[in-house]
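Protein chains in written order, with UniProt numbering: chain A, 1 to 325; chain B, 1 to 325.
No wet-lab data here; the hints were simulated from the structure. The hints are all genuine.
Identical chains blur together in the list; that is why a pair holds if it fits in one copy or across any two.
No more than 20 Å apart at the CA atoms, straight line, and that leaves these computed lysine to any residue pairs for SDA-like:
no., residue 1, residue 2
1, Lys-159, Glu-116
2, Lys-179, Ser-295
3, Lys-102, Val-231
4, Lys-269, Leu-118
5, Lys-159, Gln-122
6, Lys-179, His-138
7, Lys-123, Leu-208
8, Lys-124, Ala-157
9, Lys-281, Glu-162
Number of protein chains: 2
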Amino acid sequence: MKKMEENSRSKMRDSTTIHENSSSILPESTPSRSPRSTEMTASISLGNLSGKTSKASSSLISPQNGDSQWHKNSPSKIVSIKNWSISTYKCTKQLMYEKFGKSSRTMDTELENQIEGLRDTQKKYANILRLVRTMTSHFYHVVQTQHLMGEAFSDLAQKSPELQEEFLYNSETQRNLMKNGEVLLSALHFFISSVNTLCNKTIEDTLLTVRQYETARIEYDAYRTDLELLVQASSSETNSERLEKAQTNFERHKMDFEKLRADVVVKLKFLDENRVKVMHKQLLLFHNAISAYFSGNQQALEATLKQFNVKVRPPNSALPSWLEQ
Amino acid sequence: MKKMEENSRSKMRDSTTIHENSSSILPESTPSRSPRSTEMTASISLGNLSGKTSKASSSLISPQNGDSQWHKNSPSKIVSIKNWSISTYKCTKQLMYEKFGKSSRTMDTELENQIEGLRDTQKKYANILRLVRTMTSHFYHVVQTQHLMGEAFSDLAQKSPELQEEFLYNSETQRNLMKNGEVLLSALHFFISSVNTLCNKTIEDTLLTVRQYETARIEYDAYRTDLELLVQASSSETNSERLEKAQTNFERHKMDFEKLRADVVVKLKFLDENRVKVMHKQLLLFHNAISAYFSGNQQALEATLKQFNVKVRPPNSALPSWLEQ
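Pulled out of the complex, with its shape left as it was, chain A reads as follows:
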C-alpha cells in the first residue's frame, strides 16, 4: 500500500510537469496541499482508474517482444503514457477540488441513492448469508450427533431389558430426526448457494459497472471544468486551438459517461427485479423448510423440497464444501 502510494505520487510529479508545459490556465493560487491529503486523493484516483492503469502498462510491456518494434512504436507509446498521465492528474485534481468544495460535480441524487441502497442491501444479505452458514454448520453437527445417538440408544436397548422400551423410543426419535435433518440440510444448502450467487456474483457484477460509471463521472467532470476555464479565459489563436481540443475531449468523456450511466440504470432495474424474485423464492423456501422440519412435518418438508426442485443430498456425506465457501 505504502509502495502503491509512493508510486502514484511519483506519477503525479511527472504529470504535473507535462501539464505545466501544456497549459497555463490553472488558477494561480493552487491550494496548498499537505502530503497527507495528496496521498489520500492519489490513492482514491488510482483505485478508480485501475482499468486505465492496466491498459497503459500492457501497452508498455507488449513491445518488448522485439527491440526494433519497441523503437518503432516508442513515440506512440510516449504519447499514450502522456495522455494517461494527464488524465490521472486531471482526475486527481478534480477529486481533490470536489473534496475542498472548489469544483462542481455532476450530481444524480436519485441514481446515487439507488447505488447506496444496493451497497447496503449487499452488506445486509451477506450478513444473512453468514448467519445461515453458521447455523447450518452447527445444525450439521447436531444431525451427525443424532445419528450416533440413534445407534447408541439402539445398542443399549438390546443390552438393557430393564430399560428396553425407554432406549427404543429414544433411538427411533433420534433416527427420524436425523433423516429429516438431512432433508433440511439440503434445503439450507440450496438457500446458501442461491443467496451466495445473488450476493457475490449478480450484485457484484452490477457494482463493477457502478465503479466504472463513478470513474467516468470524475473524468467527465474534470474535462468539463477544463473546458469551462478555457471558455472564461481571454481568446487568442493558441487558445482557440486549445478550446477546440478541450471541446473534443469533453464530448468524448461526456459520451462515455452517459453510456455508462445508461448501463447502470438498466442494470440496476434488472438487478432489482431479479433480486426480489430470487429472494422471494429463497425466503419462502427457507421459511417453509424450517417450519416443516421444526413442526415434525416430514411430508411438508419433502413437498417443499420438491416444490423448489431441491435435490436431497445423500445422507452421511462428508462435511459439505459449501459450509466452507
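With chain A's structure known, arrange chain B on it following the hints.
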C-alpha cells in the same frame, strides 16, 4: 509412570529380602520372570493396593512432627512397614501365580459378571452423556444463531418494503424457535446433570467398594494359599507356631473379604434399583422434551419441563458451565 514402576520394583526387592528370612516354604523353582512381566505384575499390585500404600506412607510421615517421638515409635513403625511389605509381596506373588495358572483363586462368577456388567453400563452411559453434551453444545449455537437471524430478518423487513412479508415471517419463525430452543436446552441441561451424577458419582462410588473388594479377594487368596502350603508341609514345632499365625491371618483376611463381598452385593442391588429409576425418568424426559420441541409443540414442551420439575434457564445467558463439565 516409569518412576512409579521403578519405585514399586525397589519395594519388591525389599520385601523379597524380608520374606526370604522369615519363610522357606516357597517352591524352589520360582518361575523365572522377565523384567517386563515383573513390571506388569508390580504395577497391577500397586494399583490394587493403593489404599494400603497410602496408609503405610501416612504412618511413616506422621512421626516426623517430633524427632523424639520418631525414635520412640520407630520399632512399631518398622513392624508396620515390614507387615505392609509382606502383604504387598504376598499379593503380588498371588496375582502373578494366578496369571500363570500356578495358584487357585476364589471365584464368584455371578458377582463377577454383575461387576463386569456394571463397568460396561458405566462405559455405555458415559458415551451417551458425551453424545448428549456434544449435541447440546451444537444445539446451543444453533439457538444463538437463530436469535441473531431473528434480528437480522426483522431489520431487513423494516428496510425492504418489497420483501417485507417474507422477511417478517422468517423473523417470527426464528424468534419462536429461539424461545423454544432455550426451553429444550434447560431440559438437556437437566438430563446431562442427572446422568452425570449417576455415571460419575453414584456408579463410581459402588465401583470404589468393588475395587476394595477385589483387593481383599487377592489378600484373602494369598493368605489362604500360605495356609494350605503350611498344612501340606511336614509338622514340626516351628511349623505349628507358623501354622497358628497363618491361621489367624487367614481368618482375619477371610472376614475382611466376606464383609466387603457383602457390602458389594448390597451396593450393587441398591445401585441397580436406583439406576433403573433415574434412567427411566431421564430417558422419558429426554424423549418427551425432544419430541415436543421437534414437533413444534410448545405447550407439550413446557408441560414436560413442569412435570419433571425442570427450571428454565434465563434466555441469552452465557455458554453454560455444564457444557464444559
